[in-house]
Amino acid sequence: MRTSDSLRKTYGETLVELGKDNKSIVMLEADLGNSTMSSLFGSAYPERYFQMGIAEQNMASVAAGLSLAGKIPFINSFAVFARGRAYDQIRSSVAIAKLNVKICGSSAGLSDYGDGKTHQSIDDIALMQVLPNMTVLSPCDAIETEKMTKAMVECNGPVYLRINRNDLSLVTDPKADYKIGQMTEMVKGKDVVVFATGVMVQQSIQAAKILEKEGISLRVVNVSTIKPLDVTALQSYCEGVKGIVTAEEHSIFGGLGSAVCSALSMKRLPIEVLGIQDSFGTSAENYSILLKHYGLESEDVAKKVRAVLSAN
Amino acid sequence: MKYSQEQIIELKRKAIQIRANILEMIPPGKVGHLGGSSSIADVMAALYFHTMEVNPSDPKDPKRDRLIMSKGHAVLVQYACLVELGYFGREELAKVKTLEGMLQGHPDMDKTPGIEAVTGSLGQGLSVALGLALGLRLDKLPNRVYAIVGDGEQAEGQIWEAVMAAHGFKANNLTAIVDFNGLQATSTTKEIFPIENLVGKWSSFGWNVIEIDGHDMVQILDALEEAKAFTEGPSVILAHTVKGKCFPFAEGKAKYHNASMTEEEYKEAWVCIENLKREVEA
Ligand SMILES: Cc1ncc(C[n+]2csc(CCOP(=O)(O)OP(=O)(O)O)c2C)c(N)n1
Ligand SMILES: [Mg+2]
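Residue numbers (the working numbering), protein chains in the order written: chain R, 1 to 312; chain G, 1 to 282.
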């Protein structure tokens with residue numbers, strides 16, 4: 001059971017809960033267990049917790065081996081290292097082989113605000129979704145994180161989970177069923193649809209409120225499975241709208257925006273892609289300053305909505 | 001003795017000032033890598049204020065020695081040296097890790113004068129240092145390259161790729177310094193990822209290994225001289241250190257790898273600095 005609004009703590013706690021009965025689950029960590037929260041699993045089941053040291057490449061291929069031996073390995077680190085440092089290992093040992101390895105990219109996006117460029121993961125969705133066989137998940141709150149973590153154990157195959165370091169306000173319905181691949185309408189609306197992921201779901205919900213005062217009705221859809229993208233659902237949420245906006249805390253290249261644009265290329269509707277322009281991150285005193293700096297606030301979503309409307 | 005008493009005392013003063021500068025950057029409540037910055041502070045004082053050829057008035061002077069902070073998270077200690085040398089103004093210290101500041105959470109060669117490479121993703125700095133060393137050699141420049149690596153960082157496979165390559169290329173203008181503080185991010189190296197017999201490992205890969213107490217200024221200077229004098233290949237200095245050195249509440253504790261101090265700890269830290277100053281002058 002979820003005990004807080006923290007995505008990473010919820011992730012760790014959920015695996016402890018699942019690991020009780022499912023003895024196949026094993027965790028691998030690269031000296032960041034107190035940040036990724038994999039340490040919770042380590043305390044509960046020390047024999048199924050592998051501290052691999054600061055050696056992410058080895059960790060990824062060892063996970064492939066554990067999976068070949070019938071285990072369900074979860075590898076953990078900051079998103080930049082978990083999927084970046086070990087990229088070819090994930091590509092070759094894991095993705096090509098379609099192995100049942102789960103990758104948790106923690107402190108994703110700009111959420112590691114103090115540490116700067118090297119630590120801020122603005123390119124992880126791109127690198128992971130381009131890999132055949134890889135499922136890419138991006139939860140927007142702790143409720144969704146709990147459900148996703150459970151679904152990751154149930155599904156067979158490589159999965160990348162992108163987790164924000166900071167607590168995010170709860171917006172999804174705890175009682176609703178969840179399955180990988182679904183997208184959820186968070187706010188009903190008819191003029192424009194915004195497809196958002198991660199922290200941009202909350203920002204988009206706020207944007208809908210701003211726009212409502214201006215007489216603009218914004219539909220907000222949470223796309224928490226970036227891959228495989230449910231194109232049928234995507235198209236149905238575009239019915240009747242005058243334009244589309246995508247919103248993500250990720251580079252405008254290769255992320256949700258790119259995926260939506262290629263899926264809807266025949267739609268003939270104006271699309272605006274909101275994300276981090278072609279730039280790396282930077283250090284800042286807190287997370288919200290960075291969201292503002294990179295134009296990822298509710299007002300920025302609203303601006304994009306107005307822009308697609310004026311393109312009509 | 002190769003160095004005058006006055007020289008040693010002056011370097012000890014610098015080491016204290018470096019630790020004071022580190023404190024200035026992370027007032028209570030501000031998170032920073034205190035532990036790994038203070039463990040290597042004495043070595044850094046020796047490098048920047050004695051051994052290395054640097055030119056603060058022209059940070060890109062081709063005839064300079066290079067320092068690559070492979071354990072990039074400890075960049076505070078490098079900022080602490082660079083500010084003393086005048087690479088940037090003291091007012092930058094308070095702005096570390098802010099949006100307006102030039103001092104980033106990890107080394108950023110574009111934003112900060114005196115920073116030679118981008119590091120922060122562990123395990124890459126020694127390779128970059130090797131490349132620099134090979135380039136300097138091609139240009140027939142006499143300058144040397146120093147790479148500071150962590151003991152936890154030794155787990156990265158790329159470190160050992162660089163170790164083998166540097167030996168193969170007989171990079172005698174390259175010196176690696178391992179901050180052997182026995183701790184990494186979440187616990188001791190012994191618990192997280194024990195690597196036995198580091199001396200044997202480096203030497204079996206063909207490096208000249210020098211083992212020292214990384215807080216003993218004379219030993220540090222001797223080791224750096226010895227590394228310079230060794231011309232057959234690269235040298236590594238395994239510097240036994242204490243993480244959080246000089247700040248008793250932080251010494252030997254993984255918690256202060258990257259943490260913020262309380263008001264009380266911060267006051268205590270400044271008392272430590274004052275005591276150290278008195279000791280040196282006595
Ligand atoms: C590739 C990579 N993996 C993980 C990290 C996160 N990290 C930063 S510092 C650190 C521990 C470093 O320990 P050590 O090398 O012993 O440095 P020191 O004790 O001198 O601080 C870790 C795991 C990182 N920066 N880069
Ligand atoms: Mg260490």
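Keep in mind the hints are simulated off the structure, nothing from the lab. The structure presented is a predicted model; accordingly, all values stated were derived computationally and were not measured. It is possible that some hints are incorrect.
[Stated by the list, open to error] Subject to a maximum C-alpha distance of 20 Å in a straight line, what follows is the list of computed SDA-like cross-link-like pairs (lysine to any residue):
#: 1; chain 1: G; residue 1: Lys255; chain 2: R; residue 2: Asn58
#: 2; chain 1: G; residue 1: Lys140; chain 2: G; residue 2: Lys30
#: 3; chain 1: G; residue 1: Lys253; chain 2: R; residue 2: Tyr287
#: 4; chain 1: G; residue 1: Lys190; chain 2: R; residue 2: Tyr287
#: 5; chain 1: G; residue 1: Lys253; chain 2: R; residue 2: Asn34
#: 6; chain 1: G; residue 1: Lys253; chain 2: R; residue 2: Gln51
#: 7; chain 1: G; residue 1: Lys30; chain 2: R; residue 2: Tyr287
[What the hints assert, rightly or not] Chain G regions said to be covered by chain R (calculated; three or more residues, Cβ under 8 Å):
#: 8; region: 46-52
#: 9; region: 115-122
#: 10; region: 179-188
#: 11; region: 217-223
Just so you know, even glycine gets a beta-carbon here, dropped at the ideal spot from N, CA and C.
Results of checking the hints against the structure:
{"no.": "1", "hint": "Lys255(G) with Asn58(R)", "in the structure": "violated, 26 Å"}
{"no.": "2", "hint": "Lys140(G) with Lys30(G)", "in the structure": "violated, 44 Å"}
{"no.": "3", "hint": "Lys253(G) with Tyr287(R)", "in the structure": "violated, 27 Å"}
{"no.": "4", "hint": "Lys190(G) with Tyr287(R)", "in the structure": "violated, 34 Å"}
{"no.": "5", "hint": "Lys253(G) with Asn34(R)", "in the structure": "holds, 15 Å"}
{"no.": "6", "hint": "Lys253(G) with Gln51(R)", "in the structure": "holds, 19 Å"}
{"no.": "7", "hint": "Lys30(G) with Tyr287(R)", "in the structure": "holds, 14 Å"}
{"no.": "8", "hint": "46-52", "in the structure": "violated (count 0)"}
{"no.": "9", "hint": "115-122", "in the structure": "holds (count 5)"}
{"no.": "10", "hint": "179-188", "in the structure": "holds (count 3)"}
{"no.": "11", "hint": "217-223", "in the structure": "violated (count 0)"}
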